[in-house]
Amino acid sequence: MSPKSNKALGKIGQPPGTLIYLGKHEQKSTRISLIDYSPEEFSEQEITNIEDCFPYKDKNTVTWINIDGLNQIDTIEKLGNHFNLHYLLLEDVLNTEHRPKVEEYDDHTFLTLKMLGISEDGNSIVSEQVSFVLGENWVISFQEFQGDIFNKVRERIREGIGNIRKMGSDYLLYRLLDTVVDNYYLVTEYFSDSTQALEEQVLKNPEKESLVEIQHMKKKLSDLRKAVRPLREAVLQLEKESKFIKNKTRPYLRDVYEHVIHVNDSMENHRDILASIMDLYMSGVSNKMNEVMKVLTIIATIFIPLTFIAGVYGMNFEHMPELHWKYSYYGIWGLMILIFIGMLFYFKKKDWL
Amino acid sequence: MSPKSNKALGKIGQPPGTLIYLGKHEQKSTRISLIDYSPEEFSEQEITNIEDCFPYKDKNTVTWINIDGLNQIDTIEKLGNHFNLHYLLLEDVLNTEHRPKVEEYDDHTFLTLKMLGISEDGNSIVSEQVSFVLGENWVISFQEFQGDIFNKVRERIREGIGNIRKMGSDYLLYRLLDTVVDNYYLVTEYFSDSTQALEEQVLKNPEKESLVEIQHMKKKLSDLRKAVRPLREAVLQLEKESKFIKNKTRPYLRDVYEHVIHVNDSMENHRDILASIMDLYMSGVSNKMNEVMKVLTIIATIFIPLTFIAGVYGMNFEHMPELHWKYSYYGIWGLMILIFIGMLFYFKKKDWL
Amino acid sequence: MSPKSNKALGKIGQPPGTLIYLGKHEQKSTRISLIDYSPEEFSEQEITNIEDCFPYKDKNTVTWINIDGLNQIDTIEKLGNHFNLHYLLLEDVLNTEHRPKVEEYDDHTFLTLKMLGISEDGNSIVSEQVSFVLGENWVISFQEFQGDIFNKVRERIREGIGNIRKMGSDYLLYRLLDTVVDNYYLVTEYFSDSTQALEEQVLKNPEKESLVEIQHMKKKLSDLRKAVRPLREAVLQLEKESKFIKNKTRPYLRDVYEHVIHVNDSMENHRDILASIMDLYMSGVSNKMNEVMKVLTIIATIFIPLTFIAGVYGMNFEHMPELHWKYSYYGIWGLMILIFIGMLFYFKKKDWL
Amino acid sequence: MSPKSNKALGKIGQPPGTLIYLGKHEQKSTRISLIDYSPEEFSEQEITNIEDCFPYKDKNTVTWINIDGLNQIDTIEKLGNHFNLHYLLLEDVLNTEHRPKVEEYDDHTFLTLKMLGISEDGNSIVSEQVSFVLGENWVISFQEFQGDIFNKVRERIREGIGNIRKMGSDYLLYRLLDTVVDNYYLVTEYFSDSTQALEEQVLKNPEKESLVEIQHMKKKLSDLRKAVRPLREAVLQLEKESKFIKNKTRPYLRDVYEHVIHVNDSMENHRDILASIMDLYMSGVSNKMNEVMKVLTIIATIFIPLTFIAGVYGMNFEHMPELHWKYSYYGIWGLMILIFIGMLFYFKKKDWL
Amino acid sequence: MSPKSNKALGKIGQPPGTLIYLGKHEQKSTRISLIDYSPEEFSEQEITNIEDCFPYKDKNTVTWINIDGLNQIDTIEKLGNHFNLHYLLLEDVLNTEHRPKVEEYDDHTFLTLKMLGISEDGNSIVSEQVSFVLGENWVISFQEFQGDIFNKVRERIREGIGNIRKMGSDYLLYRLLDTVVDNYYLVTEYFSDSTQALEEQVLKNPEKESLVEIQHMKKKLSDLRKAVRPLREAVLQLEKESKFIKNKTRPYLRDVYEHVIHVNDSMENHRDILASIMDLYMSGVSNKMNEVMKVLTIIATIFIPLTFIAGVYGMNFEHMPELHWKYSYYGIWGLMILIFIGMLFYFKKKDWL
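Residue numbers (our numbering), protein chains in the order written: chain C, 42 to 394; chain F, 42 to 394; chain E, 42 to 394; chain A, 42 to 394; chain Y, 42 to 394.
Incorrect hints may appear among the rest.
Unchecked claim - Straight-line alpha carbon distances no greater than 20 Å define the calculated EDC-like cross-link-like pairs of lysine to aspartate or glutamate that follow: (1) C:Lys142 <-> Y:Glu299; (2) C:Lys335 <-> F:Glu332; (3) F:Lys142 <-> C:Glu241; (4) E:Lys260 <-> F:Asp306.
To be verified - Restraint-style ranges between C-beta atoms, simulated for each label pair: (5) C:Gln242 <-> Y:Asn204: 55 to 65 Å; (6) A:Lys284 <-> E:Asn90: 51 to 61 Å; (7) A:Glu363 <-> E:Gly372: 20 to 30 Å; (8) A:Asp189 <-> Y:Glu85: 46 to 56 Å; (9) F:Gln187 <-> E:Asp147: 40 to 50 Å.
These are computed hints drawn from the structure, not numbers from a lab.
Only a predicted model underlies this, so the values are computations on that prediction, with no experimental measurement involved.
Idealized CB from N, CA, C, for every residue including glycine.
Could you build all of it, start to finish, from the sequences and the hints given here?
Structure, rendered in structure tokens:
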């Protein structure tokens with residue numbers, strides 16, 4: 042929480058008008074790739090000089106410009122100027138703390154959301170801001186750092202598999218968005234596994250570590266919900282209102298919308314599960330305390346009366362007739378054993394043993 | 042949760058365009074049956090060659106094609122092509138993880154929901170995805186595996202009982218939907234019985250097993266709510282908006298809608314009941330601890346002072362006049378018995394005995 | 042819960058088209074009474090042959106047909122046919138599990154709700170389904186079993202008291218509905234008294250019985266809310282939308298609506314009260330445990346050190362000079378009394394005594 | 042709760058058409074005062090004969106009729122008849138259990154709400170029903186019993202301070218309403234003080250009395266919310282919809298609306314505070330128990346081992362060499378003191394001392 | 042809470058028509074500064090005579106009048122009269138208890154909100170009421186006391202940096218509003234840090250101080266939410282409805298709106314975090330109690346049986362053969378050591394050590 046917010050704080054007092062990258066990925070190199078296609082043609086190139094992209098804006102073919110790394114602000118600014126991107130749009134691209142949203146502009150639609158995944162060690166969730174700008178014939182995608190998540194889409198365009206080459210830029214946007222949302226399932230899967238493991242552990246032995254783990258899971262989940270919840274209405278808005286989405290593509294976006302709802306429901310579910318794991322923990326602790334108390338009570342309740350009896354015959358009165366009887370010692374042992382057995386029966390009946 | 046999700050994960054990265062069955066029923070054989078009827082005519086046949094269904098699409102009579110088993114994807118695809126079903130619709134039929142929903146297409150309406158029942162051993166809830174496509178004169182129903190739930194409807198069509206033969210395909214859809222929703226009552230019944238048994242058990246003796254059982258019930262209920270809650274608005278949407286539902290049939294759908302609400306209310310009720318069973322459990326554990334503490338306290342509070350007295354007269358001082366008195370031993374016994382009785386009275390007064 | 046649902050289960054698999062009474066009142070005889078009035082005329086009769094009612098349908102006077110007992114299904118069916126009641130309407134009349142609702146038909150309005158009262162022994166709430174059908178000039182009321190709740194309304198029609206004879210059938214419906222809703226106050230009253238008694242008992246002595254009682258109250262309340270909550274929107278719908286309600290009657294229905302809201306608010310209030318009685322119970326149990334622990338701690342903390350001292354001088358070492366001093370026995374008693382008093386002061390200061 | 046409801050019960054079964062005062066104030070005398078003013082004129086009089094008010098209805102000047110005490114039902118009825126007040130309106134005036142609401146009639150607007158204040162001993166909240174009827178040129182106000190709350194308004198009209206004499210009857214209503222709502226701040230103030238005192242007390246020493254007090258506060262707050270919450274929409278409705286409110290007065294009503302929201306927010310806030318005081322109480326009880334347990338544990342853990350050692354050397358075996366050593370008694374004392382000190386260190390380390 | 046409300050109480054009974062400053066800042070001097078600019082011109086001056094501002098109202102240039110300190114009520118009243126500010130608007134400016142809101146007037150828009158910051162010692166949050174009035178060509182800002190928060194905006198106007206000089210008064214309002222909202226991030230940052238520190242402390246050692254701290258944080262957060270929550274709809278209303286906001290400026294306000302939502306989400310998040318810190322505290326206390334109980338149980342369970350054995354051989358029976366055996370003393374020691382070790386193993390197995 043804190044480091045991210047610190048970044049956001051770097052923005053305070055800054056007038057709008059200065060683009061600053063607020064993310065935490067220190068990737069210096071910005072890689073720009075451009076794919077241009079139509080049903081018949083296909084070309085792909087690495088862009089080193091941003092001006093090379095400019096002619097594609099008004100070409101009839103579909104153009105996809107992908108930008109990995111948000112540190113070369115001047116490049117992004119030039120691109121923005123040429124493609125007529127609003128200043129605040131660029132600010133939103135660079136502000137990696139932004140809630141997912143869709144913003145409709147005169148000649149393009151802007152969509153920003155989070156890409157979620159599991160870290161390589163499998164123990165944490167990594168989050169990256171991805172933004173898309175959809176124009177008449179082009180899509181620009183911004184990623185915080187290089188990844189291979191869109192490679193399958195690239196592959197299919199390159200090979201002309203399916204109908205992607207036959208559709209417009211809005212279908213490309215759908216495919217990219219769908220890829221990002223599909224990845225969310227990995228994260229819900231991760232939560233399913235983690236909460237199940239946690240529940241089993243808490244049921245077996247409720248320890249302080251479990252408690253800390255529950256807290257961590259809660260926070261992760263809360264971070265996640267921040268990423269997924271606003272996306273729901275954003276995708277709905279995209280499907281319903283964007284003028285750059287053709288009718289033919291809307292059912293596909295509707296499909297993405299349902300996936301987002303599904304992921305969202307699943308988050309809510311995990312929230313409930315975490316709450317009941319907390320309940321389990323609390324009652325587990327109570328049960329442990331109960332068990333401790335039972336042991337103490339059984340031992341004390343058996344031996345305190347016996348000790349009392351022993352104490353009585355340890356008194357030094359001159360006139361204690363029992364002390365002089367021949368079998369009284371054995372009689373006392375018998376009495377004590379009787380009490381012992383009686384107590385055991387009592388505890389058995391009380392279901393404490 | 043986890044196995045299902047794993048299936049869903051099988052879909053990640055897959056481009057739309059490849060139909061994959063995501064359910065867990067490994068039933069290889071797909072059984073297709075076709076019923077065709079009008080007020081006057083009736084025919085029924087097992088279909089082995091899917092093309093045999095095709096002519097019925099444009100016949101004036103009502104045709105019901107029922108498909109049990111979703112593994113023969115090519116058959117489903119062929120059917121889909123002939124009946125002009127959207128690619129995403131077929132995907133939803135095969136994705137058994139889908140939330141219940143209604144989708145309106147140009148020349149048909151799609152409805153997917155869960156069929157719920159009690160497993161044969163009576164201990165768990167079984168869930169199956171059922172999908173319906175309603176066209177002008179036909180209904181196609183998809184079930185994950187073979188069952189006899191629709192047999193009564195078949196019977197009534199076959200025998201011409203009631204007005205089902207006189208009504209259109211929309212009324213047939215209503216009858217199928219009504220059958221599925223009626224079955225939900227079995228599940229709420231199951232919950233009524235289970236929660237009542239659980240409550241009695243927890244009241245009698247709150248044990249760890251009860252706690253685990255509460256957790257299981259909660260999860261089942263949560264799974265169920267996922268199946269029933271979205272159905273509410275789906276049925277409402279069907280009744281209000283679908284152009285394939287005739288006005289005459291709408292009141293019947295309204296009736297189904299009310300059943301769904303009823304089931305839903307009942308779920309919410311069970312949720313509350315489970316929460317209060319959890320409360321009962323927690324306070325039952327507290328009560329047990331209280332009882333244990335009382336036993337310990339009574340024993341310790343009675344015998345610790347008595348043991349002290351015995352200890353005093355076990356001291357070895359030379360000058361302890363009481364030791365030499367003739368009746369002091371009996372006096373001490375009297376004192377101890379007095380203290381014992383006094384303590385019992387005290388506990389009686391405190392209501393601890 | 043369970044017995045009711047069992048009845049509902051009797052309906053599963055039954056095709057719509059078979060009227061079955063689903064209530065639990067085994068009252069075999071159905072009593073039908075008919076009141077017909079206009080400002081000038083008044084007639085009242087017991088109907089044994091249902092056909093006797095039929096002519097009244099098209100008479101200009103206001104006709105009220107009251108049916109007590111829902112077991113003579115064929116009678117109800119005949120009546121329904123003549124008065125043109127929809128098949129599903131009759132089903133709703135007979136399904137006593139139904140949520141309160143208003144349904145608008147072409148030539149009548151249907152209203153079903155629960156009549157609530159206190160059982161004769163004053164310990165439980167009795168619930169009965171009442172349904173009304175309002176036509177242009179007539180009202181049909183269905184009750185599950187005979188009761189005298191509507192007698193006052195009958196009296197006033199008979200005697201021509203107030204303006205009831207001057208108004209139409211909609212005003213009659215209002216009067217009947219108002220009578221039912223007024224009875225709800227008896228139930229909220231019952232809850233006020235019960236929760237207050239329960240709270241006092243829990244404050245005095247939190248016992249397991251109180252806990253069970255809280256659970257019972259919660260369930261009763263939950264059943265009640267199911268009866269009252271949907272009525273709110275039903276009455277509102279009746280007032281706003283029904284075409285059989287004249288403008289002159291609407292303010293009266295608005296008044297009923299406000300009573301329903303009032304009852305509803307009162308239910309919510311009792312829900313909160315029950316929740317805080319549960320809190321009281323829980324903290325009462327904690328307090329009791331605290332008290333037990335204090336007694337144990339006081340006794341143990343005073344006598345364990347004293348017993349230790351006695352133990353020390355019960356040791357058998359040869360060389361223990363104190364044993365031989367003349368006043369050491371008295372000195373030890375003094376020391377022990379000092380410790381005893383000191384401990385008492387300590388507990389006093391800690392506020393434990 | 043109970044006494045109020047009993048009153049409401051007095052109404053059950055009563056047909057609409059009989060006005061009954063349902064409040065609890067037994068004030069027999071009804072005082073009626075009339076103020077009539079225009080920018081130029083002013084007259085004020087006590088009314089003993091209700092007919093004296095009637096001519097003012099159609100006068101052009103603004104007339105304010107204030108009625109203190111609702112027991113002279115015939116007077117109220119006469120007034121109602123002359124001013125054309127609906128029967129249900131009068132019923133609402135007399136039913137002091139009514140939720141605050143605004144009702145729009147053809148030639149007047151009706152507003153009923155609660156006047157809240159602190160009782161003279163400063164320990165409880167007093168509530169009184171106040172109703173206003175706003176006509177073209179007149180306001181009628183009904184109070185349950187005599188009070189001086191409106192005196193300042195009277196004063197300002199009498200003296201012609203401010204612009205009240207220049208405005209119409211709607212502005213007068215605003216001024217009266219504003220006076221009532223301003224008084225609510227006294228009550229929120231009372232809650233601020235009470236909850237703060239309660240919190241301090243619970244933090245210092247959580248006792249059963251605090252628990253009872255928390256319950257009482259909760260109930261008071263719940264009663265209050267019933268008075269304030271519906272007022273919010275009532276005032277909004279008055280401002281937005283009433284045809285007797287002139288545009289010039291609307292901003293003032295908007296202002297009142299904001300005050301009501303403010304009071305409402307403050308109530309919600311106190312609700313949260315009470316909930317967290319309950320939490321404080323619960324954890325305070327836990328802390329006390331903890332402290333008791335620590336004392337017990339420290340004493341028992343120190344002295345039980347020491348007593349054991351003393352017990353060992355109190356054994357009467359013939360062959361116990363230590364008994365005969367010269368310094369073993371002192372050695373044992375040393376050992377016991379070592380154990381004692383060691384234990385103290387251990388508890389210090391554990392932070393129990 | 043209390044001191045603020047006391048101020049508000051100062052207003053009760055006061056007729057509208059008397060302006061009173063209700064804030065707590067006793068800053069007597071009111072400082073008025075005026076900035077007037079157009080793309081070409083710029084002038085800045087301290088105003089001592091309020092009439093000096095008046096000519097700027099109708100100038101074509103953008104004029105910003107900033108008023109620090111709200112104690113010179115007559116000055117504010119004169120300004121209000123000249124700029125045609127509604128009486129209630131001025132009252133809202135002076136009532137520092139007001140919820141944030143936007144009010145649309147005929148020739149200006151009014152916006153009031155809270156400025157939040159961290160106190161100089163870094164331990165508390167300071168809140169100040171700021172109000173803006175936006176006219177065609179002018180902005181008037183009211184602050185409770187002098188601060189330098191708007192200095193950066195002043196600087197940019199003065200130096201002509203960015204496009205602020207080229208835009209109208211609505212853009213100036215946006216810049217001021219944006220500055221205030223940006224400051225909110227400082228406060229969320231403060232909460233992030235505080236809750237994190239608190240959580241760590243509670244995890245390490247749950248003490249009563251932590252509990253008090255949690256309560257304090259809750260209250261602060263609750264105060265904050267009161268400042269931020271209503272702002273959300275206020276800014277939305279400003280963006281959507283105000284006629285003084287030009288289309289060009291709307292996207293900027295939309296941006297502010299998103300910041301407010303972000304801050305709001307962050308508050309909700311901290312609320313959840315505080316709730317789970319409370320949970321941590323409660324279970325921390327339970328854990329501590331558990332630990333105490335374990336120590337007691339271990340010591341008592343080991344030594345009570347041993348003491349019993351010692352007690353047995355401290356009895357004074359004449360006929361106790363063991364007493365006379367040569368090695369029985371050593372045998373008893375062996376037995377006791379065996380029991381001791383056995384117990385330790387038992388506790389090890391139970392995981393209590």
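Do the hints match the structure? See the list:
1. C:Lys142 <-> Y:Glu299: This hinted pair holds, its Cα atoms lying about 10 Å apart.
2. C:Lys335 <-> F:Glu332: 10 Å, holds
3. F:Lys142 <-> C:Glu241: Not OK: F:Lys142 and C:Glu241 at ~34 Å, beyond 20 Å, violated.
4. E:Lys260 <-> F:Asp306: Within the cut-off at roughly 14 Å; holds.
5. C:Gln242 <-> Y:Asn204: 55 to 65 Å: Given range 55 to 65 Å: holds, Cβ gap about 58 Å.
6. A:Lys284 <-> E:Asn90: 51 to 61 Å: Given a distance of about 55 Å, which is inside 51 to 61 Å, the answer is holds.
7. A:Glu363 <-> E:Gly372: 20 to 30 Å: 26 Å, holds
8. A:Asp189 <-> Y:Glu85: 46 to 56 Å: 54 Å, holds
9. F:Gln187 <-> E:Asp147: 40 to 50 Å: Given about 43 Å between the Cβ atoms, the range holds.
This entry does not satisfy hint 3, going by the numbered hints stated previously; all others are met.
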